[in-house]
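4 protein chains.
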Amino acid sequence: MIPRYSRPEMVAIWSQETKFRIWFEIEAHACDALADLGVIPKDAAKTIWEKGNAATFDVARIDEIERETKHDVIAFLTHLAEFVGPDSRFIHQGMTSSDVLDTCFNVQLVRATDLMLADIDALLAALKHRAFEHKDTVTIGRSHGIHAEPTTFGVKLALAYAEFDRCRARLVAAREEVATCAISGAVGTFANIDPRVEEHVAKAMGLKPEPVSTQVIPRDRHAMYFATLGVIASCIERVSIEVRHLQRTEVLEAEEYFAPGQKGSSAMPHKRNPILTENLTGLARMVRSYALPAMENVALWHERDISHSSVERMIGPDATVTLDFALARLTNVIDKLLVYPERMDRNLNQFKGLVHSQRVLLALTQAGVSREDAYRLVQRNAMRVWEHGADFLTELLGDREVTDALGEAEIREKFDLGYHTKHVDTIFSRVFGTA
Amino acid sequence: MIPRYSRPEMVAIWSQETKFRIWFEIEAHACDALADLGVIPKDAAKTIWEKGNAATFDVARIDEIERETKHDVIAFLTHLAEFVGPDSRFIHQGMTSSDVLDTCFNVQLVRATDLMLADIDALLAALKHRAFEHKDTVTIGRSHGIHAEPTTFGVKLALAYAEFDRCRARLVAAREEVATCAISGAVGTFANIDPRVEEHVAKAMGLKPEPVSTQVIPRDRHAMYFATLGVIASCIERVSIEVRHLQRTEVLEAEEYFAPGQKGSSAMPHKRNPILTENLTGLARMVRSYALPAMENVALWHERDISHSSVERMIGPDATVTLDFALARLTNVIDKLLVYPERMDRNLNQFKGLVHSQRVLLALTQAGVSREDAYRLVQRNAMRVWEHGADFLTELLGDREVTDALGEAEIREKFDLGYHTKHVDTIFSRVFGTA
Amino acid sequence: MIPRYSRPEMVAIWSQETKFRIWFEIEAHACDALADLGVIPKDAAKTIWEKGNAATFDVARIDEIERETKHDVIAFLTHLAEFVGPDSRFIHQGMTSSDVLDTCFNVQLVRATDLMLADIDALLAALKHRAFEHKDTVTIGRSHGIHAEPTTFGVKLALAYAEFDRCRARLVAAREEVATCAISGAVGTFANIDPRVEEHVAKAMGLKPEPVSTQVIPRDRHAMYFATLGVIASCIERVSIEVRHLQRTEVLEAEEYFAPGQKGSSAMPHKRNPILTENLTGLARMVRSYALPAMENVALWHERDISHSSVERMIGPDATVTLDFALARLTNVIDKLLVYPERMDRNLNQFKGLVHSQRVLLALTQAGVSREDAYRLVQRNAMRVWEHGADFLTELLGDREVTDALGEAEIREKFDLGYHTKHVDTIFSRVFGTA
Amino acid sequence: MIPRYSRPEMVAIWSQETKFRIWFEIEAHACDALADLGVIPKDAAKTIWEKGNAATFDVARIDEIERETKHDVIAFLTHLAEFVGPDSRFIHQGMTSSDVLDTCFNVQLVRATDLMLADIDALLAALKHRAFEHKDTVTIGRSHGIHAEPTTFGVKLALAYAEFDRCRARLVAAREEVATCAISGAVGTFANIDPRVEEHVAKAMGLKPEPVSTQVIPRDRHAMYFATLGVIASCIERVSIEVRHLQRTEVLEAEEYFAPGQKGSSAMPHKRNPILTENLTGLARMVRSYALPAMENVALWHERDISHSSVERMIGPDATVTLDFALARLTNVIDKLLVYPERMDRNLNQFKGLVHSQRVLLALTQAGVSREDAYRLVQRNAMRVWEHGADFLTELLGDREVTDALGEAEIREKFDLGYHTKHVDTIFSRVFGTA
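Going line by line, the protein sequences match chains A, B, C and D. Everything in the first sequence is counted per full-length UniProt numbering, starting at 1 for the first residue and increasing by one. Everything in the second sequence is counted per full-length UniProt numbering, starting at 1 for the first residue and increasing by one. Everything in the third sequence is counted per full-length UniProt numbering, starting at 1 for the first residue and increasing by one. Everything in the fourth sequence is counted per full-length UniProt numbering, starting at 1 for the first residue and increasing by one.
None of these hints come from the bench; they were simulated from the model. Please read these numbers as outputs of a predicted model, since none were measured by experiment.
No copy is singled out in the list; a pair is fine if it fits within one copy or between any two copies.
The calculated PhoX-like cross-link candidates involving lysine-lysine, where the alpha carbons are at most 25 Å apart (straight line), are:
#1 K203 / K42
#2 K128 / K208
#3 K208 / K422
#4 K336 / K128
#5 K135 / K352
#6 K51 / K203
#7 K203 / K422
#8 K336 / K135
#9 K336 / K70
#10 K135 / K414
#11 K203 / K46
#12 K352 / K414
#13 K128 / K422
#14 K422 / K352
All chains, full assembly: derive it from the sequences and hints.
Here it is, written out as structure tokens:
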């Protein structure tokens, strides 16, 4: 996470101020439950809320205390006591630091996820809008980077829509994974804290109680969470690479918006480069890489060790801030993407008629030619188009073996672009529920 | 995937023979649908099934044809034609190789997943059985590898149960991700094949139609699948490392079963080593590593490139065979694990009474001592136990500042092991639905 | 490692037969040294060599013994004893299994590396040959996939040459890392085996003694080794992606050799796809992924645990066999690459004269125009070429602000292709030592 | 990189201020060379140095210009022109942005590496000091976490020394990889800039000219660099895990320094946890993870794309700042490590005499017993020690099959600790050059 690739709302979730505020809320909600259970005085719980709500936590002061205690939660509690006074001894009764830390981390992840769900919704809206706009914009489909058969630009965007629709569902599942709360005390036995405290805090913080925690919330949950972000990032990479391909000089079927005043190169004034999607390609690599330490974090020793902590202090913000930024940037790219249907049409016809080779093949087999012979016949004519720029239809009509099997009209009929788009409505219906 | 870490049923899913059989079934089911739609003769479809069912595909012969065509599906179709005869020209009408390859890969993944789901069920059964067996076996809980407070060995196993219960749900979701079928023809437009063929084949193969494919089934599905396997492997690693810790000489609270005739070391006949869980630790690293190339596979170029293929030919079997083996091995470890409650008891008391420090701390705060002072009082007595082998209770009773706040009886009352296990039933109810 | 992507010489290094033969040699060489030191009888050492050399080790029999002992080295020694007879008790005196296993693994890695060094040499030869062939073949240089300025195809290949020249040096360093031998006994103290035995075995096996081993050779060596393979694989990926780009239909400046009889697609007979370099892209992902478990293997517990073993049984062959295959395949691609200079020329001129924009910019600044103004002038003319297909020279000559600063002759002089290639000799001299 | 795990000197290398200062120096040195070659006026070069040296670059102002131009180098040059005046048009003549960016990045990496080399030197000094201090401190060696045979604590530290000595050499090699400079202009052809400018700037900045660059310095160099950092991090992890094991309650042979005022747990005042080495374990995971995107960065498109940029803006500081911090923290841990020889002695004797099992085995074989029989005899006595706490020597003396082969005196002689440390001097000589 660096300022260049950050958006303020997501950054705020990970600020020290937000963290300490959540810590306070967890402690104060626990006090409410402890007061209800008669473990601490009701007045104390009330005082804690009042004093804590009024307080402005001083990050520098907490850091100062931590330098002595080498323990961040104790430093915070000591600072909190400076506001609350004597009743502060009723705070954190029976709890362990991880109860606060892990529940807070999950609150932050849930909030971060909600922002990203909104990001995906915006991206889906942009993709849908542009997909319908170009539902019938015919363009060449490519496999291996080689012209294959026609499709439409709308179908390309429908594919991306379906992909991010799946990503949305995955993100909802990932949110579910980490939306848990543990207030179970040292090694998770509830020895010094009633399970009802956990239930109360969980509900108050919008989480579910963790069925069985040790001293920590199990990290397989977070491994799954960050792995999911890695998959979403990989989808961003796919769409970005598609745009980069379409913008390359020889293709130029689409182009990132180029603003007035923008400069493409310090040396070459003629340049207009797909810098946003290149940037997204790199960001995807980063988000993906965070899945690994998250998976290595699962195998904590016994009831917990703290090796996961340094990892999460980094990848918590790094992964969510970067992915939030990337999703928003991709939405912007899609929204403003310049699309060039004329160029699509020109590219499609680069090798005259070649994209119809399969239809001729199928027609030959239907006319009784074996698959192997049909393939040979079509391939030899196709190679002449490929290598000498000939017109495929002309070649076929001049090939006696072909015309022995198929009449000229039948051959000509195979060169119809509309044939390839007749099921676009079906595809749109499947993806968007409507065509 | 190497024979040493493989089980035959999973290996069979990935054999060439299985693959060609599935290819045949996909082609033959497609022929049925094409025949129903009147695209090919009904008799042809019937012949194809009959001849194909009777055929024994010759892997060496297919390889030979592929050496010329450099195309595996064409090689297979050519070989199939050798059995089917002239009607073979009706096979693969309007389809593209990826229709066969991707649908087959997903069939294999679904079958592999079903085996792994059964593996997890067996593991869950073993964990549950041992958890209830040791529900009340008190043992020290540890954080940072340092004694913390008592828990039970059953709770440790309940944690593992909850973890693999989550893994089961994740694996079901991962199965759903890849249980799709694409029969959509070149670049996925259905230009030469009716979408109803896809519906028919999907149903026949136990899959769902892919809403929008290009020439391939989108690889974000497989990225999610292999990432999920990586998370499951990480859970195997966690439990394995727990066993390894428990078996180390100074702890020795549990031990892998050591068979008669087994030898621990070529040099040192006294050795009994946790080799199975060490082995699982390594296997987990492998399964986890496969998530990465799977994520890199997402960003295929345009409507497809074939860079994913070599990756999947390797990680398809590598990841599933290894994880299947690892799950079964872990089940075996848990089933036969030697558990030593006496040693647990001895370890728990290594530092006499120290594990009760929190209760004394809480009692002091409840008695009016500030949290900071209470911490100081308890810590100074604890350090004497830590450093000089003193008895914690004796130390506390000899500390005037402590006895000024708490009476002797009250202090003694804090040294009760049962206090720590009173919520084990709650935890078991949450995890198993019953205690 | 799968047969499809394997070459026999490398596979042979990793066979069970080779492994057991190396184990035998290590043991027998150790016996020679032990006999010289008077620890065992000289006759015994002689017998061991004779009987062992004559023996054909029976892999199935060793597996059978291992099923009981659960220890592979003991199983091998037991089998060896079946050949050697009573003198077998003098084998493995004072050694530990890891002495055999780790030294053998390093012997295998060294042999594998020697094959790969030969692979790189062949690749370098191919790159150099084609680089000189196309030293002066002018082609457009691209940044961001967008036309930038002219370069030559030979310079592209010189870059790849320099890259693999660095990879060669890295591989030599990686070989050095793993070319060590440990015969230091249990936990590496030489308690039961004289360090001179290690020196003798090391020399006999072409290795150096490990300065300090524990029970194992330290795994940071192997982490560095497999990380290096990952970097080399990444270079293969770079060149492969370059070829894939050059072959795409709209560019078509180069093309993988397409054999007679080859078929590009089961559906579309016109297809010629860059399948070899796509395949290499995937293989690179795999080799790269093996670096991770290798790094995780470093942190073995205390004097050793065996978690590295399962990893290395897999990635040892997987990484080297795959990389050997990939290097050879890339050499073949480069050797036979079809290069189309006419097409390069056509692409270069797609936007007429645009590639000369920087020279005009520089001339304007030299003529006294500020950098900002010069940029603005050139950019506005360039955009007309970009968007309306105009000729850049004509546009400039029609722009009064430009012609006020530069005379027509001076402007025309900037449109000279040769200007861009004048330093190709310098580059070749740097890379190849000769131009 | 987060403040919590950062040291100021390394952070400063990556500040915007440092970056712009390096950019300026690169540009100004290039102007010197251009002036020498007569391309720009000598006075201009002089003015540029004077005005630039006197300037304080305004990061906010540069950001503001970049928001319009969307190009950071252009924004900087525009800002620089505000200081330099009309002569600014002679800056950046014939250069491309990457010349500045890549050369600057390498300068930063070289400086960062120099800090890390000093870090490793400090770590090596600490390891050597403690190794000699504990050269003869006998402790149990462990394989699989199970007692094996005696070694010394000094040997453990010598192993770590040898490991980081290798890491130092690797880091020197990695520095060499990235210590290159490119001033080769657009697509690297030197068309608009003489190669002598590159030579001059390289020398002035302490780098070597890149033999052949495209528009960028090839990224295989950086892949190798970051992979090397990942290996070093893995070595930090290994030593950290060793300390964590030694500190666990049941072992307690060594302990991180625990400061006065430090608190181990918010709940349990008795706790002293190995938090520094746990922290290092997590940081190692992070540094390791950065190797992956660095490897993915190699395959840039054609003469460059900019996908590497976002990755490097993150991992450049992230990897070096984190590793610098981790090396310093580990040095501190080693320096202050509390070592408990009495406890080592106690642990060593936990299973009475068992660690001598190999010597008895060897003596039996030397006395004519077959290896298999000898193993059986020793193992059966060892298991009684293991399982029933018997004394190994007593058991052996009571086993007729053993005493038939070996006399009592001979058996007793095998129970000598000094036997195991007789080669410690040899090991130290190999590692430190002196014992």
